[in-house]
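**Q** If you read the sequences in order, they're chains A and B. Its first residue numbered 336, the first sequence is counted upward by one per residue in the working numbering. Its first residue numbered 336, the second sequence is counted upward by one per residue in the working numbering.
Incorrect hints may have been included.
Where chains are identical, the list cannot tell them apart; a pair therefore holds if satisfied intra-copy or between any two copies.
Simulated pairs of lysine-lysine, DSS-like, Cα-Cα distance not exceeding 27 Å [said to hold, decoys possible]: (1) K342 - K703; (2) K425 - K547; (3) K793 - K528; (4) K613 - K888.
For the record, the hints were derived by calculation from the structure and aren't laboratory data.
Number of protein chains: 2
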Amino acid sequence: MVEDARKLANGRDRIDFSAEPARYRHWKLAIDGEIATLLMDVDENGGLFEGYQLKLNSYDLGVDIELADALLRLRFEHPSVKVLVLRSAKNRVFCAGANIRMLAGSSHAHKVNFCKFTNETRNAFEDASEFSGLRTICVINGTAAGGGYELALAADHIILVDDGSASVALPEVPLLAVLPGTGGLTRLTDKRKVRRDRADVFCTTEEGVKGKRAVEWRLVDEVAPSTRLETVIAERAREFAEKSPRLAGDGIVLEPLRRQRTPDAIEYAFVSVALDTKDRLASITLRSADSLPPATVEEMVAFGASFWPLQLARELDDAILDIRNNEFEIAAILFKSSGTSETVLAYDAFLEEHREHWLAREIRLLWKRVLKRLDMTSRTIVALVEPGSCFAGTLAEIVFAADRSYMFDGERDGDNRAPAKIALAKCNFGLYPMSNGLTRLQSRFLADQGDLERAREKLGESIDAEEAQELGLVTFSLDDIDWDDELRVFLEERRSFSPDSLTGLEANLRFGGPETMESKIFARLSAWQNWIFQRPNAVGEEGALRRYGSGQKPVFDPRRV
Amino acid sequence: MVEDARKLANGRDRIDFSAEPARYRHWKLAIDGEIATLLMDVDENGGLFEGYQLKLNSYDLGVDIELADALLRLRFEHPSVKVLVLRSAKNRVFCAGANIRMLAGSSHAHKVNFCKFTNETRNAFEDASEFSGLRTICVINGTAAGGGYELALAADHIILVDDGSASVALPEVPLLAVLPGTGGLTRLTDKRKVRRDRADVFCTTEEGVKGKRAVEWRLVDEVAPSTRLETVIAERAREFAEKSPRLAGDGIVLEPLRRQRTPDAIEYAFVSVALDTKDRLASITLRSADSLPPATVEEMVAFGASFWPLQLARELDDAILDIRNNEFEIAAILFKSSGTSETVLAYDAFLEEHREHWLAREIRLLWKRVLKRLDMTSRTIVALVEPGSCFAGTLAEIVFAADRSYMFDGERDGDNRAPAKIALAKCNFGLYPMSNGLTRLQSRFLADQGDLERAREKLGESIDAEEAQELGLVTFSLDDIDWDDELRVFLEERRSFSPDSLTGLEANLRFGGPETMESKIFARLSAWQNWIFQRPNAVGEEGALRRYGSGQKPVFDPRRV
């Protein structure tokens, strides 16, 4: 396997997840009242890494970072938009999928994390539709292959041009010996409910399916002749807009996050990241707001991107993505917090009171997605609940997202901050489901519904270490005598384990109970794809991914396992 | 990776899945009225392959083949047994899990198939409890580590000796850099509902958990001091027996299957397997009974193991296992049938009529498990519905289990057999759920419940090729002109694809819709374990699995993915 053979383009040394429309290289976002159009127009020479060209609207992580940004802006900056028309600016090509040369030359870790982020982006389209009423209509004007068709699958409605040539295809198996792993297989069976034997035929047919058969097989929702295409799009957009329940508003501006990076730290306004590369640890400290929430929603809107819960969510999201994609040797992320629980709870109460306001709703939906991103992060997650911390309400979710949590019992010698407390709010009981459809407390208390009820009885109260452990809200409560030693031993031990076995362990233990389409994408589909991404038949010297486009046929080991 | 470095012991050239109590090397089965005891007493020198010793009740596939056989015999030969006490004959050792030297020296394909079979066996314990009322009480008298504890997890009730030393442990992550992949992680969270952070602590604690903490953490159901152990076992066995709804009877003898093997064929009474190694195809032909079912259940019991549905199920199961574990280069299994649908339907009707009889129930439960085994077989499954075939009722399930099905439309030139028909019976609508909890027809018709109803309206009717295609029951209906060419092209194409990508494709498309604990074991858990079984941190020269017991520490690549 090529290990990080690729260099980032333009001399950069980190993948940066920030983007803004004025700097997009690959997309054009245009707003016209309730209808927005997002044109995919990938700049061949705008690859994130050196060494490949993004031909035929093929994409890499950089293209997807802009796509995720565009969707986020639609949610916050353009709340009156009810329908997004997603289409291509290229002639006779919608999107050729993930760039194959990029994949062939990427490290295993980059491939896995690239797929994870693109999966999260596609899930975000469905989240926007289900919870914000922002519907997506995808227009396929030519080839939609592999990841191109998988992108379309995230839409509410797919229109395929019926010109005898435009087609949808998932040619990964026949062409590349990998899977349509960006949700493709799962969305075929679970979202579009394509009959499984037809899905088998479709996924093994390199040239894909076009015209009426694509409708009959449920691969697209309708076909339209080229001459009527614009009329059909306009009609469909109007219909979807009429039925959308989206809460309108004027929008706010998502100002760029201010970050200061040094070799071993990233400083945001409310988030600090400390990187300890020697011990392979990252610490993320979240701070509560400097002041209590405003009295009115108008003031919240006036705060805009600097409104504390919104700014914190964006900063945290950026920090998680940065560690995930740039710091592969970090074994564990330690979450700490600093501030006052009362302030945190006051913001939760404010958002709860104004939950019908579009901005409050969007902020809470953003938190849901950021917390899911954390669940999906393949690093050991540890919460340290210490004196002076503020793990309350929304921030308490991080404690419940952790693989383990440690709570400091009592005061620290020489530290006059009040003993650590946890506080629960209404938002811990339904607002932030994980990808398996359960809240983190439900997932925690699968054995006994009574545990959940006992926790609910403490709503709003300050829960100290002893009680938190009794209630099962934290893993360990430790006093001053044991704290340092226990943590040191745990973290030393953790980083001595195989990173792969921890990835597998955590991916299983975090998601007890039911599965949903979303969790199946990250479990059944991604785990199989990751397996295939290790197999010589795909990534070996003679494998299909490496030989694609070389003129040489791949050579396969014929043994099934 | 070592590729099939192991030789089978005793000069054998195939893994044989047949077993019988008189020949067991590793287990002792004793029956005492309603209570049976199965003693694990692994013969160190009885390994399936050369090159390792099965110390401390560690196991390999050979040990598990006998275990699966013992359970099958309890179901058919001892239907009056209501409780199975599963325990060890060794002093202070229950079971040390899968033998590590065996794993370290096995090919990837053997490891994967070993885990698959052991998973199926553990599922069979739970199936016996849920559907036959045969409860299992597991007694842990010492070390129950890794696969040893995973075996215990399949039981209804776990008793741990409280002697200050006996413990349960899942030390795979700290010791071997792999997962507790034989259902362990999934049963912890989904069956025993162990809190996820406790599960994290447990799975990273090499020495495991003992005594009261094991109960408090839900890892076992009770502890008993050594002095009271036998009393507690007897009490528990009596209690479970009293509550068991098992239908009693006298039992039948499962005579050994008669098989004739030649290099390219296996002949059973009602099943023929033809192996075409050049084209990497296996054909399995199922034949209907020679005569109609008897008039009474007494006659069914008198037929015993030669009663057609039972014999066919056992032969088919053996054939699937043989191909899975001995013929790794076979890309596709073609299922054919020969005989009369009326006879097949008559047996289905007989079993339906006598569904409350213990033997009829056990036969149908066996079919359910054999069909699940087929769903879990990582080869392309193709059903060929041809003139003279009898894909009706239970046998029609094989058409619905297939990745694709081809039905011959009309008569074959020069062949006077009647055109192909399919027939549905009541058993196609609920009796044989897949591991995801849906029937194969429900899985097929996820999109529209109406399709299922349209199929149900044809219950008992002969459905010809045209109608079968209209109803969506087969993938393609082809006439004499196209049949040979279409099949030839399809099979050539299929075997040109990467076997790994087909494994992943089929594992995703076969299981649309919901997941259950059982399907999560085969999807989320197994797919991650298979990934880890490819990672150098586990299986490389310096990996933990290879270095275990060598005195050398493993060396890990620290990067998370």
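**Q** Now, for every hint given, state plainly whether the structure supports it.
**A** Status of each hint after checking the structure:
1. K342 - K703: neither (33 Å within a copy, 53 Å between copies)
2. K425 - K547: Result: close within a single copy only, 23 Å intra versus 67 Å inter.
3. K793 - K528: Result: close only across copies, 23 Å inter versus 43 Å intra.
4. K613 - K888: between (44 Å within a copy, 20 Å between copies)
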